[in-house]
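Chemist: So the protein sequences, as listed, match chains C and P.
Under numbering that gives the first Met the number 0, the residues of the first sequence are numbered 0 to 138, in order.
Under numbering that gives the first Met the number 0, the residues of the second sequence are numbered 0 to 101, in order.
Source of the hints: derived by calculation from the structure; they are not laboratory data.
Do not take every clue at face value.
What the hints assert, rightly or not - From the structure, some residues in chain C lie toward chain P, with a derived Cβ separation under 7 Å:
no.: 1; residue: V9
no.: 2; residue: P13
no.: 3; residue: E29
no.: 4; residue: S72
no.: 5; residue: W75
no.: 6; residue: E78
In this text, a Cβ means the ideal position worked out from N, Cα and C, and glycines have one as well.
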Amino acid sequence: MKRDIVIEVVYPHPPEKVWKALTDPNALAEWLMENDFEPRVGHKFQFRTEPKGGWSGIVDCEVLELDPPRRLSYSWKSEQLDTVVTFTLEPVAEGTRLRLEHTGFEGFKAILVSFILSKGWKKKILRQNLPEILAKLTT
Amino acid sequence: MSKDVFLAIADPTRRKILGLLSANDMTVNSLAKHFPVSRPAISKHLKVLNQAGLVTEQKIGRERYYHLQPEPLIVVYDWIMTYEKFWKERLAKLKTYLDKNP
Chain C
0 MKRDIVIEVV YPHPPEKVWK ALTDPNALAE WLMENDFEPR VGHKFQFRTE
50 PKGGWSGIVD CEVLELDPPR RLSYSWKSEQ LDTVVTFTLE PVAEGTRLRL
100 EHTGFEGFKA ILVSFILSKG WKKKILRQNL PEILAKLTT
Chain P
0 MSKDVFLAIA DPTRRKILGL LSANDMTVNS LAKHFPVSRP AISKHLKVLN
50 QAGLVTEQKI GRERYYHLQP EPLIVVYDWI MTYEKFWKER LAKLKTYLDK
100 NP
C-alpha cells in the first residue's frame with residue numbers, strides 16, 4: 000500500500016546550491032513558507048502561512064537529520080498528525096536529483112481505505128470516482 | 000469541528016474502534032473485548048469520537064449501540080490529497096528560485 004508521498008525532481012543546479020535553498024531561512028521563505036529554521040539537529044521551528052479552511056497554517060517542526068549536502072530531515076506536525084519530511088540530494092549529470100519523501104500518513108490512509116471498502120461509506124462519496132480514490136490510497 | 004476529527008483519528012485505539020464499527024454497530028462491551036484496556040477507557044474514546052461527529056449512539060432495548068458516521072472523514076481525505084499537490088507546487092517554486100538566483 001502506498002503510504003508516503005514521494006516526489007523526485009531534477010534541477011539543473013549543483014547539490015550545494017540546492018542544499019542552500021533547503022537550509023537557508025530566507026530561501027525557504029521564498030519557495031516554501033515563512034519560518035525560523037536553523038540548520039542544527041534538534042532545532043525546533045515553525046512554518047507559517049495563511050490559515051485556510053480548517054487548517055491553522057502552522058506547522059511545528061524539529062530538525063532530525065542534517066548531512067550536507069546529501070540529506071535533510073525534519074518532523075512535520077500539523078493537525079495532530081506527526082509526519083516526517085526528508086530531502087535527499089543526489090548529484091547527476093544534469094545537476095541534482097532531489098527526492099522528497101513525506102511519511103507518516105499510514106494510520107490516516109489505512110482508516111480511509113477501510114471505510115471506502117466497508118458499508119460505512121455513503122453513495123455520494125462513491126460517486127466521486129471510487130476507483131480513482133482507491134488508486135491514490137492503495138498503489 | 001474538523002479539528003476534532005483530526006484529534007479523534009490521531010489515536011490508534013480510536014482508529015481501531017472506527018474500523019470495527021465500519022462493519023457493524025456495536026455496544027461498548029462488544030467493543031471493549033477487542034482491546035486490552037478497560038471499558039471506561041473505551042467509553043472515553045467513544046466520547047471523543049462522538050464529539051467529532053464520527054459516531055452516534057442509539058438505545059435498542061437495554062443496550063446502547065454505537066454507529067459509525069464516516070462523513071466527517073472527507074476533510075481528512077481532502078487534507079491528505081492536498082499534500083501531494085502542495086509539495087509539487089512548492090518544488091516547482093524551488094525550481095524558479097534556483098533559476099532566478101546565482
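Chemist: So, for every hint listed, does it hold in this structure?
Modeler: Against the structure, the hints come out as follows:
1. V9: violated (10 Å)
2. P13: violated (10 Å)
3. E29: holds (5 Å)
4. S72: violated (15 Å)
5. W75: Not OK, violated: C:W75 not within 7 Å of chain P, min 10 Å.
6. E78: holds (4 Å)
Violated hints for the displayed structure, listed by number in ascending order: 1, 2, 4, 5.
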